[in-house]
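Residue numbers (the working numbering), protein chains in the order written: chain A, 1 to 154; chain B, 1 to 195; chain C, 1 to 367.
Mixed in with the good hints there might be a few duds.
Taking lysine to aspartate or glutamate and the EDC-like style, the derived pairs with C-alpha atoms no more than 20 Å apart in a straight line are [claimed, not checked]:
#1 A:Lys126 to C:Glu38
#2 C:Lys274 to C:Asp36
#3 A:Lys126 to B:Asp56
#4 B:Lys24 to B:Asp13
#5 C:Lys85 to A:Glu27
#6 C:Lys211 to A:Asp51
#7 B:Lys130 to B:Glu173
#8 A:Lys45 to C:Asp36
#9 A:Lys126 to B:Glu173
#10 A:Lys126 to C:Asp36
#11 C:Lys138 to B:Asp11
#12 C:Lys55 to A:Asp142
#13 B:Lys185 to B:Asp33
#14 C:Lys211 to A:Asp9
#15 C:Lys228 to C:Asp246
#16 C:Lys211 to C:Glu195
#17 B:Lys24 to A:Glu132
#18 A:Lys75 to A:Asp9
#19 B:Lys14 to C:Glu137
#20 C:Lys322 to C:Glu93
#21 C:Lys228 to A:Glu132
#22 C:Lys274 to C:Glu168
#23 A:Lys45 to A:Asp88
#24 B:Lys59 to B:Asp11
#25 A:Lys141 to C:Glu49
#26 A:Lys141 to C:Asp318
#27 A:Lys75 to C:Glu210
Just a few of them, taken from the derived set where beta-carbon distance is under 7 Å, the chain C residues facing chain B [claimed, not checked]:
#28 Met12
#29 Pro14
#30 Val22
#31 Gly42
#32 Arg66
#33 Leu130
#34 Leu151
#35 Thr172
#36 Arg175
Rather than coming from a laboratory, the hints here were simulated on the basis of the structure.
Nothing here was measured: the structure is a model prediction, and the numbers come from that model.
No residue lacks a Cβ here, since even glycine has one placed at the ideal position from N, Cα and C.
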Amino acid sequence: MTKTLSGADVARQIGEQLPDAVTGSDETTVFVRSEAILDAARFLKEYLDFDYLVSISAIDFVDHFDVVYHLCSFKNNYSVVLRTRCDDRDSPSVPSVVSLWQGADLQEREVYDLMGISFDGHPNMKRIVLWEGYQGHPLRKDFILDVPGGGKAT
Amino acid sequence: MEIEKAYSLSDYDKREAAQIEALKAAAIEPYPDPVEWLEEEIKRNVLLTSTEHLIDLGKRFSVWPNTFFPACCAFEVISAAASRFDFSRFGMEVLRPSPRQADLMIIAGTVTWKLAPAMRRVYDQMAEPKWVIAMGACTISGGAFRGSYSVVPGINRIVPVDVYIPGCPPRPEGVINGFMTLHRKIAKDKLIKKD
Amino acid sequence: MTLETQPVVLNMGPQHPSTHGVFRMRVTFDGEVIVDFEPVFGYLHRGIEKLAEHKTYLQNMPYTDRLDYLASMSNNMAYAMAVEKLAGIEVPERAEYLRVIMAELMRLSSHLVGVGALFNDMGAFMTPFLYMYREREKILDLFDMVCGQRLTYNYMRFGGVSQDIPEEFMPTLRRFIDDMPRYIDEYDRLLAENEIVLARSKGVGILPAEKAINASVSGPVLRGSGVKWDIRKSNPYSIYDRFDFDIPTGTVGDVYDRYRVRVEEMRQSVRIVKQAMEQIPEGEVRTRVPTPLKPPPGEAYVSIEAPKGELGFYLVSDGSAKPYRFKIRAPSFINLTVLRDLVLGWKLADAIIIFGSIDICMGEVDR
């Protein structure tokens, strides 16, 4: 059974190495500052053996963005969730983890395309599912769709 | 390793994006459906000469489809082509990927704006006489994805359509019914048009 | 006299007979050898994640069918499990057994198409594909009996499945399961030791194990490289811990290993279905849930072992009847990360086979 590590434990371990990276924790999640995400991820990969990046997602809470990293360790069969917050609405950006896990490559491009969060350090930051020059980022809450049956939707 | 390319890929991307935007801006009104065969019902008393009849049989029973398979409906066309529902009984088992060698374009699956210029180019490359079948709800009106920012709300805005097959996805029997309707339509299409 | 050569860029797709859907590749050649490769997707991007935020949880169930349309039951199951975790709904025993039977039949059907399409690409034009389609039609008949649809089922509900199986299902399933091992052996007799298959696929497109783990690859591609990781064993969901089955792995990680892993997984699926058919109890098939379902605010991530890899749903709820964020962790999309590295240095025909062995479904890649 994959054990979900306690967020508080992992936060404490990260906090010992990187003193001001962690901003909080939950039962399953560790919250870090967005500038420190690469160092925290490197710590998790090297010291706690989190060698498998399961997925990167982004959520648009209307005043800020959250980027969520689900990580897993094959050797020890653990999992943990790393989460960071990005307050800039106009040109949000977060350091890229592609140098640690190659699996982040396409997923970060997709987050850039649909949410508009760009990842610093990514070798090929361009749109992936929509075409070049498309105006807007569809998954944001301020992108309005005309749904059938009338009405607009965010 | 640095490779010297003759042209840059990002220029290519920009050119294609301009094509997509141009097609999207031009595709406001749908093409009218080619329905002159319906008027032929009234002129039933026209006798076919035997040459026309033979040519007509040849055209009708050897339509070669072109494979243009974006999404799920594709697997119902493939099932219709496989051994259980076999559409080679109708002379159509020669599925040609190249549009230059095909007469019929079956569009089976959702078409997005990004794919639309490619679809129009494949249609333009087919030689006359050519027919188009729109299969599945997504090609008729956008289907389950109508209202989305990237789905074409009905492909009759991009190519003129001869037969629509409803369903999500339509069963292989439905696909074969669509082909038989197309054959009836082709039979009414006279070689020398008498106006 | 000196000759000057230049690399040429060839565009393949989006309409092409040997791609598994609308996938486009821009390949740069130096002579016949591939020196650069750029995949282009997005030709089937329908905006499911955005549309799902405007519909209730149950109205989103048909969208999940159309993700990996060759394995719709598995997608439905993953979504139903994610919502059940979010809302705290229990599933009755009989429904769990029915879900497992449907998911394993779905795995059989998806691998039949995957292996058949791989042989199509290798040059055995339609013969293996049509043979495997014969069995797939029998499985689709079983699904037709249960829920009336052949391709996109919409069968699972939150709290179970939508309706119970009719009486003729179990005898037909028993006849099918008793015959299936004989058919898998027939395919092996024809294909596994065939010279052309061995020459074209042994040693081609080797994916080493550390690279596979680093690139977040999952499913038969990961197991073909020798990594023994299957969510049904490492993190058992539903009732998979009650069944006895093995996890086939490859050794080298080439195209041949991935093909063998899929064939062995078909045999293991037959084993699981046999055990499930014997153990299935009587009872209800669905727990009553309120409609529209309003789960409490929170989030849930659930992943299952779909035929193509690890399929996960990450749902964020704000207490209303519509999801706030509906994120799909699509295995085919993430498996394509390694395609560029696998293909460089090979010729065009090998690139088609390597791509076929990853076995993707464009509905998932683009969503």
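Evaluation of the provided hints:
The hinted pair formed by lysine 126 (chain A) and glutamate 38 (chain C) meets the criterion: a straight-line CA distance of about 13 Å does not exceed 20 Å. Distance hint between lysine 274 (chain C) and aspartate 36 (chain C) is unfulfilled; the C-alpha atoms sit about 47 Å from each other, more than 20 Å. Restraint check for lysine 126 (chain A) and aspartate 56 (chain B): the C-alpha separation of about 52 Å exceeds 20 Å, so the hint is violated. This hinted pair checks out: lysine 24 (chain B) and aspartate 13 (chain B) have alpha carbons roughly 17 Å apart, not beyond 20 Å.
Under the criterion of a C-alpha separation no larger than 20 Å, the hint pairing lysine 85 (chain C) with glutamate 27 (chain A) is consistent with the structure, at around 16 Å. The hinted pair formed by lysine 211 (chain C) and aspartate 51 (chain A) meets the criterion: a straight-line CA distance of about 11 Å does not exceed 20 Å. A distance of roughly 23 Å separates the Cα atoms of lysine 130 (chain B) and glutamate 173 (chain B); the hinted pair therefore is violated under the 20 Å criterion. Annotation: proposed proximity of lysine 45 (chain A) to aspartate 36 (chain C) is violated, straight-line Cα distance about 30 Å (limit 20 Å).
Between the alpha carbons of lysine 126 (chain A) and glutamate 173 (chain B) the distance comes to roughly 44 Å, so the proposed pair goes past 20 Å and is violated. The suggested pairing of lysine 126 (chain A) with aspartate 36 (chain C) holds, with an alpha-carbon distance near 18 Å, which does not exceed 20 Å. A hinted pair counts as satisfied when its Cα atoms are at most 20 Å apart, and lysine 138 (chain C) with aspartate 11 (chain B) does not qualify at roughly 49 Å. Restraint check: the Cα-Cα separation between lysine 55 (chain C) and aspartate 142 (chain A) comes to about 17 Å, which is no more than 20 Å; the hinted pair holds.
With a C-alpha separation of about 13 Å, the suggested pairing of lysine 185 (chain B) with aspartate 33 (chain B) holds against the 20 Å cut-off. The suggested pairing of lysine 211 (chain C) with aspartate 9 (chain A) is violated, with an alpha-carbon distance near 29 Å, which exceeds 20 Å. Simply put, lysine 228 (chain C) and aspartate 246 (chain C) have alpha-carbon atoms about 10 Å apart, close enough for the 20 Å limit, and the pair holds. Among the hinted pairs, lysine 211 (chain C) with glutamate 195 (chain C) is inconsistent with the structure: their alpha-carbon atoms are about 29 Å apart, more than 20 Å.
Using a Cα cut-off of 20 Å, the hinted pair lysine 24 (chain B) and glutamate 132 (chain A) holds, with the two alpha carbons roughly 14 Å apart. With a C-alpha separation of about 19 Å, the suggested pairing of lysine 75 (chain A) with aspartate 9 (chain A) holds against the 20 Å cut-off. A C-alpha spacing of about 44 Å is found between lysine 14 (chain B) and glutamate 137 (chain C), which places the hinted pair above 20 Å, so the restraint is violated. Annotation: proposed proximity of lysine 322 (chain C) to glutamate 93 (chain C) is violated, straight-line Cα distance about 28 Å (limit 20 Å).
Note on lysine 228 (chain C) and glutamate 132 (chain A): the hinted pairing is violated, with a Cα-Cα distance of about 40 Å set against a maximum of 20 Å. Taking the CA atoms of lysine 274 (chain C) and glutamate 168 (chain C), the gap is near 17 Å; set against the 20 Å cutoff, the hint holds. Taking the CA atoms of lysine 45 (chain A) and aspartate 88 (chain A), the gap is near 28 Å; set against the 20 Å cutoff, the hint is violated. Distance hint between lysine 59 (chain B) and aspartate 11 (chain B) is unfulfilled; the C-alpha atoms sit about 43 Å from each other, more than 20 Å.
Distance hint between lysine 141 (chain A) and glutamate 49 (chain C) is fulfilled; the C-alpha atoms sit about 12 Å from each other, no more than 20 Å. Restraint check for lysine 141 (chain A) and aspartate 318 (chain C): satisfied, since their Cα atoms lie roughly 14 Å apart, inside the 20 Å limit. At roughly 12 Å between alpha-carbon atoms, lysine 75 (chain A) and glutamate 210 (chain C) fall within 20 Å of each other, so this suggested pair holds. The beta carbon of methionine 12 (chain C) comes no nearer than 11 Å to any beta carbon in chain B, farther than 7 Å, and the hint placing it at the interface is violated.
Proximity of proline 14 (chain C) to chain B holds as hinted, the smallest CB-CB distance being about 5 Å (cut-off 7 Å). About 5 Å separates the beta-carbon of valine 22 (chain C) from the nearest beta-carbon of chain B, less than 7 Å, and the hint is met. Annotation: glycine 42 (chain C) was flagged as interfacial toward chain B, and the flag holds, the nearest CB pair being 5 Å apart, inside 7 Å. Look at arginine 66 (chain C): its Cβ gets to within about 6 Å of chain B, closer than 7 Å, so that hint holds up.
Interface restraint check for leucine 130 (chain C): the shortest CB-CB distance to chain B comes to about 5 Å, inside 7 Å, so the restraint holds. Taking 7 Å as the C-beta contact cut-off toward chain B, the hint placing leucine 151 (chain C) at the interface holds, the least distance being around 5 Å. With 7 Å as the threshold, the beta carbon of threonine 172 (chain C) stays out of range of chain B, its nearest partner Cβ sitting at about 16 Å, so the hint is violated. The beta carbon of arginine 175 (chain C) comes no nearer than 17 Å to any beta carbon in chain B, farther than 7 Å, and the hint placing it at the interface is violated.
The structure fails to meet hints 2, 3, 7, 8, 9, 11, 14, 16, 19, 20, 21, 23, 24, 28, 35, 36 from the earlier list, while all remaining hints are met.
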